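Novice: Sequence:
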Amino acid sequence: MITESNISYLEVDEQPHRIEDVSALMDLCERMQISFAPWHGEMAMPKVDFCISYNENNIFLKFFVTEAAIKAEYVNFNDPVYEDSCVEFFIAFNGDSSYYNLEFNCMGTGRVQYGSGKYNRAFIPAGLIKTIQHQTTLKSTSRGDIYWELTLVVPKTVFMFHPQLNLENNRAKVNFFKCGDGLPQPHYLCWNNIVHHEPEFHLTDFFKQVTFSPQVV
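The numbering of the sequence shown is this note's numbering, which starts it at 1059 and goes up by one.
Think of the hints as simulated: they come from the structure by calculation, not from any bench.
All figures in this text were calculated on a predicted structure; none of them were measured in a lab.
Any given hint might turn out to be false.
Estimated spans, in silico, between C-beta atoms of each pair [unchecked claim]:
#1 GLU1258 <-> ASN1227: 14 to 22 Å
#2 LYS1176 <-> GLU1078: 34 to 42 Å
#3 LEU1261 <-> LEU1086: 28 to 36 Å
#4 ASP1203 <-> GLU1131: 35 to 43 Å
#5 ASP1079 <-> ASN1251: 32 to 40 Å
In silico lysine to aspartate or glutamate, EDC-like type, Cα no more than 20 Å apart, as pairs [claimed, not checked]:
#6 LYS1176 <-> ASP1137
#7 LYS1266 <-> ASP1085
#8 LYS1188 <-> GLU1078
#9 LYS1231 <-> ASP1263
#10 LYS1214 <-> ASP1107
#11 LYS1105 <-> GLU1226
#12 LYS1214 <-> GLU1072
#13 LYS1188 <-> ASP1107
#14 LYS1214 <-> GLU1226
#15 LYS1197 <-> ASP1263
#16 LYS1105 <-> ASP1085
#17 LYS1129 <-> ASP1239
#18 LYS1176 <-> GLU1258
#19 LYS1176 <-> GLU1141
#20 LYS1214 <-> GLU1131
#21 LYS1129 <-> GLU1114
#22 LYS1197 <-> ASP1107
Backbone N, C-alpha and C define an ideal beta-carbon position, used for all residues, glycine too.
Based on the provided sequences and hints, a complete structural model is requested.
Specialist: So, in structure tokens, the structure goes:
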């Protein structure tokens, strides 16, 4: 979890990690809200929380989303999942100007890129994205909304442009997002607020600095 800009260490016993165990442990972490909606005025927005932790070899993420409608059209790695009901995690390591964007629709289909700006990005190969474990759950609420959860185990090998990556005590800059470009009511939410005249997530000035702390969750 992130506490005072620290990402805590998660103790998971088994190797390889069972996604069900990770999901249950992540439920114990403190949740953060993806609640800034700088381009939406007074429109009703999805409710989105997340938590994040790590160990020697992985970053663990879990998202909790309630929204009026969902879309999960894309099923292939590196498809434009941002047009579906989508959550996203952007991270830049070691003060680099380049960063990774990891995007997943509500069924866990992943799109991962790396580069120094929105239009200068390299796709991470599907073979690496395939190593990301995921678990999804969906259900309707009493109010007619859809509630879904997505748990992710992201091996650090996915960050292929950082082959010697050591997460512990690593300082990074991050932001988290929720979007749905192709939904009946498109929306663009962010964890750390963005000041810009139109929806745009690829703005590293609005990433927040964090440290992968040795403190255990």
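Novice: Next step is simple, just say for each hint if it's right about the structure.
Specialist: Verification of the supplied hints:
1. GLU1258 <-> ASN1227: 14 to 22 Å: 31 Å, violated
2. LYS1176 <-> GLU1078: 34 to 42 Å: Holds, since LYS1176 and GLU1078 (Cβ atoms, about 36 Å apart) stay within the stated range.
3. LEU1261 <-> LEU1086: 28 to 36 Å: Cβ of LEU1261 to Cβ of LEU1086: about 32 Å, so the range 28 to 36 Å holds.
4. ASP1203 <-> GLU1131: 35 to 43 Å: Distance hint for ASP1203, GLU1131 is violated at roughly 20 Å.
5. ASP1079 <-> ASN1251: 32 to 40 Å: Cβ of ASP1079 to Cβ of ASN1251: about 34 Å, so the range 32 to 40 Å holds.
6. LYS1176 <-> ASP1137: Holds: LYS1176 and ASP1137 sit about 16 Å apart, inside 20 Å.
7. LYS1266 <-> ASP1085: Violated, because 23 Å separates the two Cα atoms, which is more than 20 Å.
8. LYS1188 <-> GLU1078: At roughly 18 Å apart (the allowed maximum being 20 Å), GLU1078 and LYS1188 satisfy the hint.
9. LYS1231 <-> ASP1263: 9 Å, holds
10. LYS1214 <-> ASP1107: Violated - the C-alpha atoms of ASP1107 and LYS1214 are around 23 Å apart, more than 20 Å.
11. LYS1105 <-> GLU1226: 31 Å, violated
12. LYS1214 <-> GLU1072: Since the Cα atoms of LYS1214 and GLU1072 sit roughly 17 Å apart, the hinted pair holds (cutoff 20 Å).
13. LYS1188 <-> ASP1107: 25 Å, violated
14. LYS1214 <-> GLU1226: Holds, because 12 Å separates the two Cα atoms, which is no more than 20 Å.
15. LYS1197 <-> ASP1263: Violated - the C-alpha atoms of ASP1263 and LYS1197 are around 36 Å apart, more than 20 Å.
16. LYS1105 <-> ASP1085: 17 Å, holds
17. LYS1129 <-> ASP1239: 10 Å, holds
18. LYS1176 <-> GLU1258: Distance ~9 Å between LYS1176 and GLU1258 Cα, so the pair holds.
19. LYS1176 <-> GLU1141: 16 Å, holds
20. LYS1214 <-> GLU1131: 28 Å, violated
21. LYS1129 <-> GLU1114: 34 Å, violated
22. LYS1197 <-> ASP1107: 16 Å, holds
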